[in-house]
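Asks: Sequence:
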Amino acid sequence: MRVNFFVEDMLFFKYIGCATAARSLFHALGRRNDIDIAYNAGSDPFDLVHYHTFGPFALAHKRRHNGVSVLTAHSTPRVNENNIAFAGLINRQYPRIYGSFDHIIAISESCRDEVAAMVPGVPITLIPNGVDRDFFVHDPRRRAAFREHYGIDDDATVALTVAQQTPRKGIFDIMACANAYPDTTWVWVGGFPYGIFSKGYFGIQRMKRACGPNMIFTGFVP
Numbered sequence: 017m018r019v020n021f022f023v024e025d026m027l028f029f030k031y032i033g034c035a036t037a038a039r040s041l042f043h044a045l046g047r048r049n050d051i052d053i054a055y056n057a058g059s060d061p062f063d064l065v066h067y068h069t070f071g072p073f074a075l076a077h078k079r080r081h082n083g084v085s086v087l088t089a090h091s092t093p094r095v096n097e098n099n100i101a102f103a104g105l106i107n108r109q110y111p112r113i114y115g116s117f118d119h120i121i122a123i124s125e126s127c128r129d130e131v132a133a134m135v136p137g138v139p140i141t142l143i144p145n146g147v148d149r150d151f152f153v154h155d156p157r158r159r160a161a162f163r164e165h166y167g168i169d170d171d172a173t174v175a176l177t178v179a180q181q182t183p184r185k186g187i188f189d190i191m192a193c194a195n196a197y198p199d200t201t202w203v204w205v206g207g208f209p210y211g212i213f214s215k216g217y218f219g220i221q222r223m224k225r226a227c228g229p230n231m232i233f234t235g236f237v238p
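Anchor point for the sequence shown: position 51 equals 67 in our numbering, and the numbering is continuous, going up by one each time.
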């Protein structure tokens with residue numbers, strides 16, 4: 017079987033977690049010998065194209081693809097609330113777009129239930145996102161380098177969050193915790209992939225400027 021992974025990991029899309037999840041899955045499948053797998057291939061014929069969420073490039077590619085189309089639903093209308101501006105306008109497009117795929121992969125039970133209610137005629141499979149435990153391992157050298165780079169003491173207690181800086185991801189709660197527990201260092205890895213169109217962008221920026229030195233925002237880390 018020839019399979020093409022289509023992932024919009026360019027421009028601001030590269031800052032979104034679904035691109036990281038897609039690459040992890042691609043590398044895992046690449047170790048199998050029963051699948052001929054490609055990544056963001058152009059117009060070559062494939063039996064199946066696996067789209068990781070949708071955007072303008074994915075939808076344009078899908079119109080040219082004649083094989084089976086599978087979508088991993090990293091995004092749903094519920095997820096967009098408190099995550100991006102103009103969520104209501106964007107959410108109205110989901111039933112039409114999701115209904116055009118042959119199969120949808122849901123990454124959580126709540127996602128599966130939401131998609132099933134939205135497009136009841138499309139088959140859905142639940143496959144939670146996985147973690148490559150051969151890649152994500154405890155590394156004392158990198159730990160020390162990270163702490164040195166951000167000026168964190170070796171014996172400091174660190175609370176880490178990796179996510180977009182949006183209300184949905186709990187950024188207001190984390191900033192409140194940092195204010196309430198000044199003896200703990202709070203680190204937020206991630207930024208605003210949608211720029212000013214991220215939900216609460218200006219309010220979050222204002223609150224970040226008022227945070228104490230125990231709250232560190234690294235921005236996007238490649």
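Calculated directly from the structure, the hints in this document are not laboratory data.
Errors might be hidden in some of the hints.
Pairs of lysine to aspartate or glutamate residues, derived as EDC-like cross-links and limited to a Cα-Cα distance of at most 16 Å, are as follows [said to hold, decoys possible]:
1) Lys78 to Asp60
2) Lys185 to Glu97
3) Lys224 to Asp189
4) Lys78 to Glu97
5) Lys78 to Asp118
Pairwise CB distance ranges, derived in the manner of DEER restraints [said to hold, decoys possible]:
6) Leu105 to Gln221: 21 to 27 Å
7) Tyr197 to His119: 43 to 49 Å
8) Tyr166 to Asp189: 19 to 25 Å
9) Arg48 to Tyr197: 44 to 50 Å
10) Asp60 to Pro183: 24 to 30 Å
11) Gly58 to Asp118: 26 to 32 Å
12) Asp60 to Val174: 29 to 35 Å
These numbers come from a predicted model, not from an experiment.
Where is the CB? At the ideal position from N, CA and C, for every residue including glycine.
Asks: Each hint should be assessed against the structure and marked as holding or not.
Replies: Hints, verified against the model:
Between the alpha carbons of Lys78 and Asp60 the distance comes to roughly 13 Å, so the proposed pair stays at or under 16 Å and holds. Proximity of Lys185 to Glu97 is assessed by CA-CA distance (about 11 Å); at most 16 Å being required, the pair is judged to hold. For the suggested pair Lys224 and Asp189, the alpha carbons sit about 12 Å apart, so the restraint of at most 16 Å is met. A distance of roughly 26 Å separates the Cα atoms of Lys78 and Glu97; the hinted pair therefore is violated under the 16 Å criterion.
With a C-alpha separation of about 11 Å, the suggested pairing of Lys78 with Asp118 holds against the 16 Å cut-off. Between Leu105 and Gln221 the C-beta distance comes to about 23 Å, which sits within the given range of 21 to 27 Å. Hint check: Tyr197 to His119, Cβ distance near 45 Å, so the stated range 43 to 49 Å holds. Checked against the hint of 19 to 25 Å, the C-beta distance between Tyr166 and Asp189 comes to roughly 21 Å, which is consistent with it.
Roughly 46 Å separates the CB atoms of Arg48 and Tyr197, a value that falls within the hinted 44 to 50 Å. At roughly 42 Å, the beta carbons of Asp60 and Pro183 sit outside the given window of 24 to 30 Å. Range check, Gly58 to Asp118: Cβ separation about 21 Å, and the 26 to 32 Å hint is violated. For the pair Asp60 and Val174, the supplied restraint of 29 to 35 Å is violated, since their beta-carbon distance comes to about 46 Å.
Hints 4, 10, 11, 12 from the list above are not met by this structure, while the remaining hints are.
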